[in-house]
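Asker: Protein chains in written order, with this note's numbering: chain L, 1 to 494; chain S, 495 to 770; chain C, 771 to 1091.
Do not take every clue at face value.
As the list claims (entries may be wrong) - Pairs of lysine-lysine, DSS-like flavour, derived with a Cα cap of 27 Å:
{"#": "1", "chain 1": "L", "residue 1": "K392", "chain 2": "L", "residue 2": "K453"}
{"#": "2", "chain 1": "L", "residue 1": "K110", "chain 2": "L", "residue 2": "K97"}
{"#": "3", "chain 1": "L", "residue 1": "K445", "chain 2": "L", "residue 2": "K280"}
{"#": "4", "chain 1": "L", "residue 1": "K272", "chain 2": "L", "residue 2": "K332"}
{"#": "5", "chain 1": "L", "residue 1": "K209", "chain 2": "L", "residue 2": "K472"}
{"#": "6", "chain 1": "S", "residue 1": "K668", "chain 2": "C", "residue 2": "K783"}
{"#": "7", "chain 1": "S", "residue 1": "K593", "chain 2": "C", "residue 2": "K955"}
{"#": "8", "chain 1": "L", "residue 1": "K26", "chain 2": "C", "residue 2": "K995"}
{"#": "9", "chain 1": "L", "residue 1": "K453", "chain 2": "L", "residue 2": "K272"}
As the list claims (entries may be wrong) - Computed beta-carbon distance windows for the label pairs:
{"#": "10", "chain 1": "L", "residue 1": "V138", "chain 2": "C", "residue 2": "K955", "range": "55 to 61 Å"}
{"#": "11", "chain 1": "L", "residue 1": "H313", "chain 2": "S", "residue 2": "V515", "range": "37 to 43 Å"}
{"#": "12", "chain 1": "C", "residue 1": "A904", "chain 2": "S", "residue 2": "N684", "range": "28 to 34 Å"}
{"#": "13", "chain 1": "C", "residue 1": "S789", "chain 2": "S", "residue 2": "V623", "range": "24 to 30 Å"}
{"#": "14", "chain 1": "C", "residue 1": "N934", "chain 2": "S", "residue 2": "I687", "range": "57 to 63 Å"}
{"#": "15", "chain 1": "L", "residue 1": "S67", "chain 2": "S", "residue 2": "G576", "range": "29 to 35 Å"}
{"#": "16", "chain 1": "S", "residue 1": "L760", "chain 2": "L", "residue 2": "G301", "range": "42 to 48 Å"}
{"#": "17", "chain 1": "C", "residue 1": "M1078", "chain 2": "S", "residue 2": "L629", "range": "36 to 42 Å"}
{"#": "18", "chain 1": "L", "residue 1": "P274", "chain 2": "C", "residue 2": "L833", "range": "56 to 62 Å"}
Claimed, not checked - In silico contact screen, one side only, chain L against chain S (beta carbon under 8 Å); selected entries:
{"#": "19", "residue": "P353"}
{"#": "20", "residue": "S377"}
{"#": "21", "residue": "V402"}
{"#": "22", "residue": "D406"}
{"#": "23", "residue": "G408"}
{"#": "24", "residue": "A411"}
Honestly, the hints are just simulated from the structure, not real lab data.
Treat the numbers as computed from the prediction; the structure is a model and nothing was measured.
Glycine included, every Cβ here is placed at the ideal spot set by N, Cα and C.
Listed below, chain by chain, are the residues.
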Amino acid sequence: MRLGKVGTGLISALALSASMGLAHAKSDITVAMQLEPPHLDPTSAAAGAIDSVLYSNVFEGLTRFGSDGSILPGLAESWEISEDGKTYTFKLQSGVKFHDGTEMTAEDVKFSLDRARSDDSQNAQKALFTGIETVEVVNPQTVAVTLSAPNGSLLFNLAWGDAVIVAPESIENIKTNPIGTGAFRFSNWVQGDRIDLEKNADYWGTPAKLGNVTFKFISDPTAAFAAVMAEDVNAFVGFPAPENLPQFEADPRFQVLVGSTEGETILSTNNKLPPLDNVKVREAIAHAIDRQAIIDGAMFGYGTPIGTHFAPHNPDYVDLTANSAYDPELSKKLLAEAGYPDGFTTTLKLPPPSYARRGGEIIAAQLRAVGIETEISNLEWAQWLEQVFRGKDYGLTIVSHVEPMDIGIYARPDYYFQYDNPEFQKLFENLTAENDPEKRSELLKQAQEMLAKDYVNGYLFQLAFPTVANAKIQGLWVNQPTPAADMTAVYWEE
Amino acid sequence: MSVLFHSRTLLPGLFLSLVFVAAALISLVWVPYDTTVLNIANRMKLPSWEHWLGTDQFGRDILSMIMVGARTSIAVALVAVGIGMSVGVPLGLAAAARKGGWLDEVIMRANDLVFAFPSLLIAVMITAVFGASALNAIIAIGIFNIPVFARLTRGAALSLWNRDYILAARVAGKGPARISMEHILPNVANLLIVQGTIQFSLGILAEAGLSYVGLGAQPPTASWGRMLADSQTMISLAPHLALFPGLAILLTVLGLNLMGDGLRDLLDPKLRRARV
Amino acid sequence: MPNRKSMLHYFLKRLLSLSLSLVAASIVIFLALEVVPGDPAAYMLGLNAQEDTLQALREELGLTGSIFQRYLSWAGGLLVGDFGVSYTYRTPVSEMIGDRLWVSLPLALYALTLSTLIAFPAGIWAASRRGSAADASVMGVTQLGVAIPNFWFAMLMVLVFAINLRWFSAGGFPGWDAGFFAGMKALTLPAIALALPQASILTRVMRSSLLDTLGEDFIRTARAKGLTKGQALWRHAVRNALIPVLTILGLQFSFLLAGAIIIENVFFLPGLGRLVFQSISARDLIVVESVVMLLVFAVIVVNFAVDMAYAWVDPRLRRRR
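With the rest of the complex left out, here is chain L (with noise of 0.2 Å):
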């Protein structure tokens, strides 16, 4: 038995490759990015690796987001939603089949959701699925979802990949075995190095162009240069240092993609932090910072300067760098208005990334040069998470906020930044109950106003998301609506 089916492999690589040979068209791709994913769960799971390497790739959920954002039909073919806007009805692809063969019904879809949001859920995005009532099957092909109340952002909630459709009898071994509906299907993940993809030959949709896809995990930015120069891997999805980035646009034999990410880099302030606590200090200090020269030092020239907590590249944005322009001279005045005519010492914790160790070297030069002293320490993401993010116990931190939409945190008061504001947080209140597009529309900018007024935060920049592939490569995503590498669409240009 054993025998018969390594024999039939044999073959069947045989007649691959022997197929490939006289089709002479490349179709295998070796794709670098940065971290691994620790397992192959997107469903529990906060990795973002985790959906680099599997989003849309292995699995797909009822919804997905094409590269500009925009939300698009995935499992679901279709959708109608009642008249109270509590009840969305899917009606689903046809013919779907998970990877080990079986179909992919309505079943499995009430099995993923009601598993998502269970008591026992590990799901890292638990809040996603908070609105949902119940998950009926209507009929094999048809599902309803009934809310407790009318939910805009409901189709965007499931486009994530902490949402996908998984397979009930895989739950047991999907973190090492993932099975799910996409265009690839998983083959093979050498820890510390690769993880391998190859095509599903009865992929519902659109056939991937591609036959494998090799994930290549590089972290260190140094090796990431080196291996992209040396051809090592065709291409480095979110390349990780923006210095060399001119040297590969100089080089022919690569394109260089720069796109626009979620990530709205920020420098965190602890709103109840004393002299923090102070809206003319956090004022100072917003005025103390030179962005061009943060996005100069620390990305190179890559980012788009913010001056509220939204994506420049989402139609509801409002400009406000000018509420926050640099001024010494002004950030000196307030500090002795607000009783700190020779500055404090306060408290910077960085986490990993290189925007926030360069930045964060930049941001205490610039805030020494109007009387603040910092103490630098460099954290590890787990020290982070503990000491800033759960006991907040920190002055200014600098992370990139990487959630799609995610304005609702300052409604949050015990969120790390204790950014307590009830008219903020009525606002937020009007914002989720409101269906009629203008309206959300005008609501969102006067929350970004009011962030920008508070100064709860210094508003640096729009992380971007530089990508680096062999310049024959095409249909690589350019921007980041959500951490993916879908190489559903990729091909090599003959």
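Chain L is fixed; fit chains S and C onto it per the hints.
Answerer: Structure of chains S and C alone, referenced to chain L:
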């Protein structure tokens, strides 16, 4: 003075070491440029008359950074050797005085245990617990200096305990603690100085390694290892950013090693076998 | 033949102290990691995790019992060869260690082989021409080799051989599936970086122990019997000089196994050191505990074996320790 010229290595070693010690001391009162002020527009400049070793990725003067970095390296390594000596030497003396007893056994087993731990991993663990800082780098390096000095002292002291003059002292009624202090310690001092120089140079290398992986002194304090780590991605753009801090480490360690060799020849020719 | 009874007595005594050392080591390691701040569950579930989700995960990972219970279940598992299951990867730690050993072990052996191949001829050559310019230059080079920070040397090699000349890839490990030579090629630059300081030390040991034996009586006797200096060196001195050299080699091997962590990082090799490094950042403490314990175990057992071998050869040692 002429004694300095007996060894071929002592003088060059002393010279190199003194250059870096001088750089560190001078940096306390004066550096060519303030290393806490950044100038992004003037970054990654090649060596010139204004900046002898060029400028780094934030436009800081590399010569000034190396001078301040010398201070960090020397301070960390020196204190770590101090910890190793001040704990290790008394332990070694005590173990030798109580040779074969339970105290000796416990001290030597504890020594073996510390030796058995992979040192860098322990350093990583220490910083995971207490956070990365120069102080924790000192502790991590210092701990592994303790068994080195304890073993060395015990070994040397054991051979002395059989000497006639020690016997005489015992007969005269001196206790083991007093004998250790008055007769043993002065006779192992030369050995300790030589070993101290070696541990000092190893400490410089260890500090560089720790701050290279981000576990040493934190910015804005300059440190050689972190200068190397920060310049790593720019090595193909501006190799001088990585070249000069690396050379600084190399020359300092080389100087200390040469000095150690020279001192060994000078202080105790018989030791030539003991060390390689 | 050494006295059997005293040998057995010594063996048992040392075995007892070996077991006590291992128990002490396991307690130290476990307690050290107990106080490491950071919650593995929080690390895995990220910024938006809810408290009930975190609690569910903690229970699944077995993080909710008392310290004593958890120590016993970990240490008890070790005794029967069960290293536990990784929090993040959810695979048995023993499998992960097995995979990583296939990188770390060949790398350590490769580096050791290189350093021996350099050090033996260089040491013999320098010793046989003691005081000459050749001797001085060998010794000078070894001074440099000891003083050079190996990660810096590795960076320079990547710049020259991987980025500029493109003879080697800059790092990574294709796996032994890709073939023996592909694997060895990937380990070549890291092995050179590791071997350089080791070769320098070994050359110096080789030279000085050769010089020591050359000064001893039996060599003089051999010379008196008409052997040339070269013949005496080859037939007698080299063999006798091997004992200290082998001791150093043993030490270097265990150092290379655990100490390659920085070099593994420079070349992003999936070895044991980097596994520990990554696991500490991810607070995958069960992996850290088990790997560190394994390394400590290896060193203690090697030391024990060396002590036993010495005691067998030289009975005086039994009384001394």
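Asker: Which of the listed hints are broken here?
Answerer: 6, 7, 8, 11, 14, 15, 16, 18, 19, 21, 22, 23 and 24
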